[in-house]
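Student: Okay, here's what each chain looks like letter by letter:
Protein chains: 4
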Amino acid sequence: MYQIDLNCDLGESFGVYQLGIDEEILQSITSANIACGFHAGDPSVMRKTVRIALKNGVRVGAHPGLPDLIGFGRRNLSISPQEAYDMVIYQIGALYGFLKAEGERMQHVKPHGALYNMAANDEALAEAIAEAVYKVDPQLILFGLAGSELVHAGEKAGLQTAQEVFADRTYQHDGSLTPRSQPDALIHDDEQAVSQVVRMVKENKVLSSQGTDVTVKVNTVCIHGDGLKALAFARKIRGVLEASEITVKAIGG
Amino acid sequence: MYQIDLNCDLGESFGVYQLGIDEEILQSITSANIACGFHAGDPSVMRKTVRIALKNGVRVGAHPGLPDLIGFGRRNLSISPQEAYDMVIYQIGALYGFLKAEGERMQHVKPHGALYNMAANDEALAEAIAEAVYKVDPQLILFGLAGSELVHAGEKAGLQTAQEVFADRTYQHDGSLTPRSQPDALIHDDEQAVSQVVRMVKENKVLSSQGTDVTVKVNTVCIHGDGLKALAFARKIRGVLEASEITVKAIGG
Amino acid sequence: MYQIDLNCDLGESFGVYQLGIDEEILQSITSANIACGFHAGDPSVMRKTVRIALKNGVRVGAHPGLPDLIGFGRRNLSISPQEAYDMVIYQIGALYGFLKAEGERMQHVKPHGALYNMAANDEALAEAIAEAVYKVDPQLILFGLAGSELVHAGEKAGLQTAQEVFADRTYQHDGSLTPRSQPDALIHDDEQAVSQVVRMVKENKVLSSQGTDVTVKVNTVCIHGDGLKALAFARKIRGVLEASEITVKAIGG
Amino acid sequence: MYQIDLNCDLGESFGVYQLGIDEEILQSITSANIACGFHAGDPSVMRKTVRIALKNGVRVGAHPGLPDLIGFGRRNLSISPQEAYDMVIYQIGALYGFLKAEGERMQHVKPHGALYNMAANDEALAEAIAEAVYKVDPQLILFGLAGSELVHAGEKAGLQTAQEVFADRTYQHDGSLTPRSQPDALIHDDEQAVSQVVRMVKENKVLSSQGTDVTVKVNTVCIHGDGLKALAFARKIRGVLEASEITVKAIGG
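Residue numbers (our numbering), protein chains in the order written: chain A, 1 to 253; chain B, 1 to 253; chain C, 1 to 253; chain D, 1 to 253.
Treat the hints with care, as some may be off.
Copies of the same chain look alike in the list, so a pair counts if it works inside one copy or between any two.
[As the list claims (entries may be wrong)] In silico DSBU-like cross-links for lysine-lysine, where the CA-CA straight-line distance does not exceed 30 Å: (1) Lys-156 - Lys-55; (2) Lys-156 - Lys-48; (3) Lys-156 - Lys-135; (4) Lys-229 - Lys-202; (5) Lys-100 - Lys-135.
Think of the hints as simulated: they come from the structure by calculation, not from any bench.
Starting from the given sequences, assemble the full structure and let the hints guide the process.
Tutor: Shown next as structure tokens:
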């Protein structure tokens with residue numbers, strides 16, 4: 001009856017630098033967002049990550065970011081829509097090369113970090129990204145913050161979209177994420193985080209910080225991939241979802 | 001009866017930095033090797049260059065290089081075959097994205113600078129590059145120095161290859177290029193350069209520095225794309241080739 | 001009686017990419033702002049530029065920018081004050097190395113592009129930059145937009161500052177630069193541009209776009225360094241200033 | 001009577017990527033080689049590493065490397081002596097900025113990875129590096145592989161040099177390191193590694209792989225800084241050296 005996709009950012013190592021525990025986390029998720037060399041990742045890391053994702057039956061997507069390796073793509077950069085279009089095509093293409101080399105298709109595209117956040121609110125940027133995705137391959141699914149400009153732009157462009165929620169974030173009465181500057185932005189209790197997700201999937205509702213219920217659409221849940229705590233949570237959320245009669249399955253099938 | 005491809009390295013600008021006179025040179029050539037962001041080029045330059053190449057009816061290929069922007073990819077870097085495989089797939093893929101966005105196919109791949117030169121003599125590196133090209137798309141044509149390890153590796157991998165000659169270089173009695181360290185490495189006289197190419201195409205022969213005729217296969221001729229002198233030469237060689245009943249045509253048709 | 005410094009951004013070439021006509025422009029200016037490898041410039045360009053500046057008797061300053069080579073440091077990046085402090089020290093130090101190697105002192109520091117503009121209005125960023133300059137060498141002179149937060153921060157930190165004006169920009173009645181988005185932001189007439197500077201130096205006044213006179217302090221005038229038009233203007237403004245009994249002299253003596 | 005310096009490569013983190021356990025290792029060593037942003041390190045990491053080194057009373061040196069972050073500066077790159085000179089000055093200067101900001105002096109310079117290895121055997125490269133160090137500050141001490149071209153070049157340039165040995169490497173009868181391609185290149189037994197160092201310091205002798213004693217000069221011993229095993233070894237070698245009446249002290253005093 002109910003179905004949900006679990007996604008995680010992977011392939012964030014770079015050269016000698018190791019980040020994340022990709023092989024372990026892959027056993028709990030259904031969609032992998034793979035860094036494309038701008039904010040993290042390098043060609044060799046991309047090849048390895050594509051291969052282990054496919055080996056684990058996990059669908060692969062591009063995770064394009066801003067060209068800011070020092071800042072891990074988390075710092076806003078005032079790029080033009082045209083520049084966004086160009087850097088998204090470049091990065092999708094680069095990952096596409098590794099998928100073609102393995103004889104597999106790309107499932108989705110999810111912008112990373114500051115690019116994701118800027119595109120959630122900036123219509124022109126969102127449209128440029130959606131157009132880039134559509135132009136490279138109209139079968140690609142565009143992942144964006146639930147209810148964001150990026151999701152709207154994707155729909156307008158003719159793409160299938162995936163409304164994304166974050167398991168460990170609280171929501172405001174208007175459906176937006178509580179800003180990280182607020183003390184209650186994060187949910188630290190795993191049980192509570194999982195319950196919130198189950199309710200979002202089954203009832204399309206979330207209890208806001210203001211105490212009111214808010215309607216939220218959700219197609220995919222983002223979980224973290226770094227550290228043993230993240231791994232334990234990944235296993236827990238997958239287990240609870242399945243025990244709650246929710247099929248955990250890649251959005252692209 | 002006779003047919004030849006004329007190729008040129010394009011898309012070598014970067015950010016505010018302009019290099020080459022791509023629009024002008026495109027009117028004389030049939031295949032464009034487009035830089036992919038490692039030794040030159042950036043996503044916006046790649047998009048623009050792909051578009052003007054297609055607009056001019058010129059076939060497009062990837063021109064992957066070493067990750068050395070300061071050195072323009074001309075300095076040898078001791079990479080492993082696996083690293084070569086990975087960086088070639090990444091760069092082909094990146095350019096592939098822009099071609100897909102324009103609804104066009106990629107014709108060929110030609111490694112750049114030090115990667116091209118290293119692959120001419122290093123069998124393991126040549127095989128890794130050929131495998132990368134084949135895995136991404138077995139229809140791609142691999143350009144390499146005529147008679148080089150790279151061409152051999154391409155044939156062994158099952159790729160169509162293009163034997164490349166340089167209009168302005170002299171040859172040794174064993175068919176190798178005269179090293180640039182030799183005083184007579186370059187042909188400075190345009191007439192002589194063009195005549196040498198015409199003879200290579202029609203007779204598969206070139207007069208070596210030692211005064212003996214050497215057999216050389218040639219499918220494509222590389223010409224330069226920077227400066228007015230290069231442009232004048234491009235126009236001249238195209239004109240003379242056509243006047244010599246040699247069809248100037250992209251190798252991929 | 002009257003004295004002014006003429007500064008220009010130099011050393012903006014990178015690898016094979018040439019930008020600017022540094023040797024020619026050096027004959028007209030008194031202070032050179034040398035790019036430090038983040039938005040432009042590389043170690044070899046820095047060495048060469050330091051040497052030709054010193055050879056021409058021009059004082060040298062660091063021109064630190066944002067780590068954005070593709071965007072030439074012109075795109076705002078949301079860095080923290082601590083990150084600004086760190087990247088400014090790094091870049092001053094790097095140029096300092098080349099000056100020490102030549103047995104010379106550094107005169108000044110002028111942030112570049114988006115870093116300069118952000119520091120003109122952002123007090124915390126301005127203070128971080130001023131502290132970085134002071135900590136490396138309290139004798140350094142900090143160049144900033146006349147009347148900006150950066151100049152205030154420099155004074156507060158105990159640095160000598162230089163109020164900078166732009167020869168080809170118009171001013172608003174509150175003393176701010178007319179935004180580039182306005183049609184009359186730029187002065188295209190060389191005579192008018194030079195006259196405005198002469199008046200700013202001699203009377204500390206400028207006629208605003210609103211038709212009122214505004215008081216402006218000026219210690220240094222920024223001129224462009226790319227292209228023959230820029231070179232002609234550099235020669236013209238230097239000539240007119242000297243003919244107007246204004247001594248053109250490096251601010252640091 | 002006997003004295004030795006213990007050095008370690010530090011500050012090799014980059015952005016979000018953590019490498020090494022610098023704070024712990026600093027308690028056992030006397031000289032820190034700090035990465036300068038080319039092969040590892042970034043401005044913020046440099047500032048932090050300089051501060052914790054100084055706080056622990058450890059002398060600071062620059063650890064310039066090749067511009068190859070993906071390869072961690074370990075892949076040979078065919079740079080010219082002039083390029084080596086320029087990139088070494090740039091990197092020394094950058095670190096110098098952070099030391100000046102802290103009011104401290106730099107003690108030494110030790111090239112990193114492939115730059116270190118190439119300079120051990122390439123006289124022209126070694127001389128360019130030595131000249132760069134001398135020009136920036138003739139008081140700097142140049143660290144190089146014991147008996148290498150780099151040490152010779154440093155002496156010829158008028159620099160104090162430090163002959164460096166590696167605790168965990170074996171030696172050949174001619175005094176060179178056993179190449180890593182040989183099965184016995186590394187000493188895996190900590191006791192044996194420490195004993196070899198003690199003998200090198202006290203007797204200037206090392207037992208070669210061929211079973212003969214070889215004379216070796218040693219001023220500083222390089223130890224690793226990554227992982228708990230490295231930390232345990234650092235503590236052990238320091239303890240044994242001191243118990244063997246060898247003063248462990250920074251080479252610059």
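Student: All hints are to be evaluated individually against the structure, with a verdict given for each.
Tutor: Hints, one by one, checked against the model:
1. Lys-156 - Lys-55: between (34 Å within a copy, 28 Å between copies)
2. Lys-156 - Lys-48: between (34 Å within a copy, 25 Å between copies)
3. Lys-156 - Lys-135: within (13 Å within a copy, 34 Å between copies)
4. Lys-229 - Lys-202: within (26 Å within a copy, 50 Å between copies)
5. Lys-100 - Lys-135: both (17 Å within a copy, 7 Å between copies)
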